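K.L.:
Going line by line, the protein sequences match chains V and Z. Mapping of the first sequence onto the numbering used here: residues 1 to 437, in sequence order. Mapping of the second sequence onto the numbering used here: residues 1 to 437, in sequence order.
In case anyone wonders, no lab produced these hints; they're calculated from the structure. Predicted model only: the values in this text are computed from it and were never measured. Mixed in with the good hints there might be a few duds.
[Unchecked claim] With the Cβ distance kept under 8 Å, some of the chain V side facing chain Z (calculated, not the full set):
hint, residue
1, 144
2, 149
3, 150
4, 290
5, 292
6, 329
[As the list claims (entries may be wrong)] Covered by chain V, according to a simulated footprint, are these stretches of chain Z (three or more residues, beta-carbon under 8 Å):
hint, segment
7, 140 to 152
8, 309 to 318
9, 328 to 334
[Unchecked claim] Heads up, simulated DSS-like pairs for lysine-lysine below, C-alpha to C-alpha not over 25 Å straight-line:
hint, chain 1, residue 1, chain 2, residue 2
10, V, 2, Z, 121
11, V, 426, V, 387
12, V, 426, V, 408
13, Z, 426, Z, 387
14, V, 121, Z, 2
15, Z, 426, Z, 351
All C-beta atoms, glycine included, are put in the ideal place defined by N, C-alpha and C.
Protein chains: 2
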Amino acid sequence: MKELRIGMLGLGTVARGVASMIRRNGQGIAHRTGIPLRLVRIATRNPGKTWGLNLEGVRVDADVDALTRADDVDVVVELMGGLDPAERLLLSALDHGKHVVTANKALIAERGMNLFETAQKNNRELSFEAAVAGAVPIVKAIRESLAANHIESIHGILNGTCNYILTEMRERGLSFDQTLADAQKKGYAEADPSFDVDGIDTAHKLAILSAIAWGTPPDFRSIHVEGIRRITDSDITWAAEMGYRIKLLAIAKRRDHGLELRVQPTLVTVSSMVSQVEGVFNAVFVKGDYAGTTMYHGRGAGEQPTASAVVADLVDLARNQGAGLASRVPPLSVMPQHLSPLPVHDIADLKCEYYVRLAVVDRPGVLAEITSILASHGISIDAIHQKGRAVSQEAVALVIVTHECLEKEMQASLAAMERLESVRGKPMVIRMESGLT
Amino acid sequence: MKELRIGMLGLGTVARGVASMIRRNGQGIAHRTGIPLRLVRIATRNPGKTWGLNLEGVRVDADVDALTRADDVDVVVELMGGLDPAERLLLSALDHGKHVVTANKALIAERGMNLFETAQKNNRELSFEAAVAGAVPIVKAIRESLAANHIESIHGILNGTCNYILTEMRERGLSFDQTLADAQKKGYAEADPSFDVDGIDTAHKLAILSAIAWGTPPDFRSIHVEGIRRITDSDITWAAEMGYRIKLLAIAKRRDHGLELRVQPTLVTVSSMVSQVEGVFNAVFVKGDYAGTTMYHGRGAGEQPTASAVVADLVDLARNQGAGLASRVPPLSVMPQHLSPLPVHDIADLKCEYYVRLAVVDRPGVLAEITSILASHGISIDAIHQKGRAVSQEAVALVIVTHECLEKEMQASLAAMERLESVRGKPMVIRMESGLT
Numbered sequence: 001m002k003e004l005r006i007g008m009l010g011l012g013t014v015a016r017g018v019a020s021m022i023r024r025n026g027q028g029i030a031h032r033t034g035i036p037l038r039l040v041r042i043a044t045r046n047p048g049k050t051w052g053l054n055l056e057g058v059r060v061d062a063d064v065d066a067l068t069r070a071d072d073v074d075v076v077v078e079l080m081g082g083l084d085p086a087e088r089l090l091l092s093a094l095d096h097g098k099h100v101v102t103a104n105k106a107l108i109a110e111r112g113m114n115l116f117e118t119a120q121k122n123n124r125e126l127s128f129e130a131a132v133a134g135a136v137p138i139v140k141a142i143r144e145s146l147a148a149n150h151i152e153s154i155h156g157i158l159n160g161t162c163n164y165i166l167t168e169m170r171e172r173g174l175s176f177d178q179t180l181a182d183a184q185k186k187g188y189a190e191a192d193p194s195f196d197v198d199g200i201d202t203a204h205k206l207a208i209l210s211a212i213a214w215g216t217p218p219d220f221r222s223i224h225v226e227g228i229r230r231i232t233d234s235d236i237t238w239a240a241e242m243g244y245r246i247k248l249l250a251i252a253k254r255r256d257h258g259l260e261l262r263v264q265p266t267l268v269t270v271s272s273m274v275s276q277v278e279g280v281f282n283a284v285f286v287k288g289d290y291a292g293t294t295m296y297h298g299r300g301a302g303e304q305p306t307a308s309a310v311v312a313d314l315v316d317l318a319r320n321q322g323a324g325l326a327s328r329v330p331p332l333s334v335m336p337q338h339l340s341p342l343p344v345h346d347i348a349d350l351k352c353e354y355y356v357r358l359a360v361v362d363r364p365g366v367l368a369e370i371t372s373i374l375a376s377h378g379i380s381i382d383a384i385h386q387k388g389r390a391v392s393q394e395a396v397a398l399v400i401v402t403h404e405c406l407e408k409e410m411q412a413s414l415a416a417m418e419r420l421e422s423v424r425g426k427p428m429v430i431r432m433e434s435g436l437t
Numbered sequence: 001m002k003e004l005r006i007g008m009l010g011l012g013t014v015a016r017g018v019a020s021m022i023r024r025n026g027q028g029i030a031h032r033t034g035i036p037l038r039l040v041r042i043a044t045r046n047p048g049k050t051w052g053l054n055l056e057g058v059r060v061d062a063d064v065d066a067l068t069r070a071d072d073v074d075v076v077v078e079l080m081g082g083l084d085p086a087e088r089l090l091l092s093a094l095d096h097g098k099h100v101v102t103a104n105k106a107l108i109a110e111r112g113m114n115l116f117e118t119a120q121k122n123n124r125e126l127s128f129e130a131a132v133a134g135a136v137p138i139v140k141a142i143r144e145s146l147a148a149n150h151i152e153s154i155h156g157i158l159n160g161t162c163n164y165i166l167t168e169m170r171e172r173g174l175s176f177d178q179t180l181a182d183a184q185k186k187g188y189a190e191a192d193p194s195f196d197v198d199g200i201d202t203a204h205k206l207a208i209l210s211a212i213a214w215g216t217p218p219d220f221r222s223i224h225v226e227g228i229r230r231i232t233d234s235d236i237t238w239a240a241e242m243g244y245r246i247k248l249l250a251i252a253k254r255r256d257h258g259l260e261l262r263v264q265p266t267l268v269t270v271s272s273m274v275s276q277v278e279g280v281f282n283a284v285f286v287k288g289d290y291a292g293t294t295m296y297h298g299r300g301a302g303e304q305p306t307a308s309a310v311v312a313d314l315v316d317l318a319r320n321q322g323a324g325l326a327s328r329v330p331p332l333s334v335m336p337q338h339l340s341p342l343p344v345h346d347i348a349d350l351k352c353e354y355y356v357r358l359a360v361v362d363r364p365g366v367l368a369e370i371t372s373i374l375a376s377h378g379i380s381i382d383a384i385h386q387k388g389r390a391v392s393q394e395a396v397a398l399v400i401v402t403h404e405c406l407e408k409e410m411q412a413s414l415a416a417m418e419r420l421e422s423v424r425g426k427p428m429v430i431r432m433e434s435g436l437t
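Let the hints inform the model, and build the full structure from the sequences given.
P.N.:
Here it is in structure tokens:
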């Protein structure tokens with residue numbers, strides 16, 4: 001192979017970064033791979049619009065299907081996003097003997113196995129470093145650098161939009177709605193933000209990381225997912241006063257007979273590294289039995305950082321081709337015959353510490369009612385705060401931090417509290433995560 | 001190849017971690033590589049002492065030379081440290097057709113080219129992930145994940161002993177000597193600590209990282225190296241009061257016509273991620289033109305974390321062997337024919353901001369003398385602090401923070417200040433590094 005000929009599906013932000021990186025850094029790349037990368041084709045909805053890119057020698061049209069079958073393409077880079085038609089096109093590319101590089105987290109998380117099996121059948125490579133945490137090389141780190149470790153846990157801040165919103169809410173004291181509107185104005189959040197703020201995007205990425213860490217098929221549907229819409233500025237203020245920050249964390253843990261997989265707003269101590277991950281940055285903390293906790297931090301989105309990850313996959317592919325092999329590392333780290341699903345624990349079995357915020361009527365006996373509910377469910381209290389801040393004409397905020405207890409006991413307690421005449425509205429509960437680096 | 005047969009030179013701390021990891025995690029590793037790792041031989045000075053390890057089926061003797069020639073060894077893992085006889089043994093291993101994995105930073109930094117060329121001649125692999133930052137996979141990150149970036153800069157905290165000492169000095173308010181003695185008692189510092197505290201170890205690691213980042217032969221001798229012996233508790237206190245922490249940083253920057261390479265105690269803002277790297281931890285910040293700054297953090301030393309990196313190299317090797325190739329990635333990232341040295345700038349040409357601490361006689365006119373020296377060298381002052389703290393019977397501490405200026409102008413100023421009758425002792429100067437993540 002004299003060069004690696006690339007066909008690209010899509011010409012959005014990331015694709016433009018890939019085109020520019022291959023052109024600008026082509027010589028340095030060729031010195032590292034021995035095989036130059038050459039962009040030969042782009043298929044995009046609007047082939048007339050090339051954004052001022054230098055696309056000399058590149059065929060640009062709208063025929064996505066033809067690109068997946070083209071004789072002059074060695075690898076198809078998919079940057080369209082979405083499940084359909086991306087899946088169909090990549091299956092076609094693999095069946096036509098092309099390697100595939102994609103940044104499509106939804107596709108890998110929800111329909112990855114079909115693609116992996118098709119890649120294997122055709123002895124082609126399928127890479128997706130850019131699907132998780134942008135420029136941060138977390139897929140390679142888990143799949144290669146930590147491959148000899150038993151992974152104990154993964155904690156990730158994997159969605160820049162959510163992390164930006166939570167950072168801004170804390171720094172500027174604004175509400176979720178105000179901050180979201182501001183993020184949308186600045187281009188950090190989509191017009192329809194639900195994919196990000198409801199935690200779906202984070203869950204897609206967690207499904208991918210946990211699959212690689214434990215050699216299981218990606219299991220997006222089993223992840224318990226909560227987003228950040230219900231977090232109020234007063235939660236952030238309470239957390240800060242107690243020495244915590246609130247982060248939307250992707251959490252995966254190996255437990256006795258399966259996995260714990262969840263995406264939830266989480267209180268983390270302000271002195272931990274994870275609470276220092278601010279704004280649009282992403283970070284992943286991986287705990288291995290020998291490595292201990294290693295942490296990876298950087299820009300999780302954007303034209304150039306995501307392009308860096310896409311082109312890193314192309315560099316890997318070119319180096320493998322140069323050395324005369326395909327499929328050096330299986331997509332999910334373990335060899336396909338050793339992939340095996342692990343049961344995912346029901347969230348009801350979760351054990352952790354909790355932050356609970358209630359609006360209560362300010363009169364004698366209320367505290368006794370609430371604490372006796374907790375006691376009856378075997379939940380002991382670590383701290384309790386009531387500052388007489390009026391949250392409405394007749395109610396004040398009461399914040400309780402518990403010791404470790406079972407989620408189902410907590411849920412039963414919350415239901416019982418909600419039934420009290422002295423409790424107004426729905427209690428807010430946020431899980432806490434201690435012992436983080 | 002049915003298994004990867006390993007011969008290990010040395011049975012010190014890290015070697016014991018490697019032996020234990022291969023045994024305990026062997027099945028998980030084999031599921032990832034397809035080729036089991038098998039430890040077949042160990043050569044160690046004291047073969048009778050096996051530390052309670054299960055070494056069933058492993059031949060343990062003292063014949064290091066025989067191990068490098070043994071027919072039943074595919075890869076030699078060198079964990080003896082030091083330049084000699086490690087270099088001779090690894091050259092012998094390569095010439096006898098063995099691959100090599102080493103954690104020996106001094107050897108790679110000072111005599112790496114000889115080893116790389118011998119490996120290439122014999123078409124064998126030579127890997128050294130464990131030589132830099134222990135469990136943190138920074139060699140692979142730069143060599144593979146960031147291979148398509150033009151690297152702009154690297155900032156590293158690469159020596160856990162120094163970082164532990166600086167952290168303890170700050171947290172406990174103790175002197176360097178007291179803290180060092182305490183670190184020695186706890187096993188965090190060697191009996192002869194000069195390799196660590198004088199910055200040599202950090203410089204070895206920087207030589208390796210910069211070679212990989214820019215495709216140059218490792219150039220340890222050109223690195224400007226300062227250690228942490230002269231840092232006092234009062235420097236740490238002054239820094240803290242101004243919003244800084246002091247870290248021993250390895251710094252590499254691509255400049256117009258070459259590289260800036262230095263190891264120096266450095267003031268970094270307390271709000272930066274780099275200042276959050278505390279105790280024995282290591283971290284590396286790499287800035288690429290597309291990726292932006294990505295950061296890698298974890299345990300930089302110790303039995304298990306370093307073993308994790310050594311075994312990661314063995315996993316890579318096994319996967320390459322399984323896929324039927326050697327030398328997929330050149331040791332210094334670029335292909336050997338494209339390696340080319342870059343000139344290293346003289347430290348006199350460095351431009352940065354400076355922290356200067358002087359002991360001055362507390363009388364009128366002193367400040368005028370000092371500030372006019374700085375002015376005459378074109379150095380402008382950002383902040384000046386004098387709190388009347390007596391540093392001796394007649395002198396007080398004066399701390400100056402400058403705007404960016406040339407190192408040679410700073411050195412000339414310091415020499416002039418030292419000649420003043422009103423300045424007692426040698427001025428302390430520490431460089432500052434702004435704009436870090």
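K.L.:
Take the hints in turn and mark each one as holding or not.
P.N.:
Right, here's what the structure says about each hint:
1. 144: Holds: closest Cβ of chain Z sits about 6 Å from residue 144 of chain V, inside 8 Å.
2. 149: Holds: closest Cβ of chain Z sits about 6 Å from residue 149 of chain V, inside 8 Å.
3. 150: Constraint on residue 150 of chain V satisfied, holds at 6 Å.
4. 290: holds, 4 Å
5. 292: holds, 5 Å
6. 329: Result: holds, 6 Å to nearest chain Z Cβ.
7. 140 to 152: holds (count 9)
8. 309 to 318: Answer holds; 6 residues pass the 8 Å Cβ test.
9. 328 to 334: With 5 residues close enough to chain V, the hint holds.
10. V/2 x Z/121: holds, 23 Å
11. V/426 x V/387: holds, 19 Å
12. V/426 x V/408: holds, 17 Å
13. Z/426 x Z/387: Answer holds: residue 426 of chain Z to residue 387 of chain Z is near 19 Å, not above 25 Å.
14. V/121 x Z/2: Within the cut-off at roughly 23 Å; holds.
15. Z/426 x Z/351: Satisfied, since the Cα-Cα distance of roughly 22 Å is no more than 25 Å.
The structure meets every hint from the earlier list without exception.
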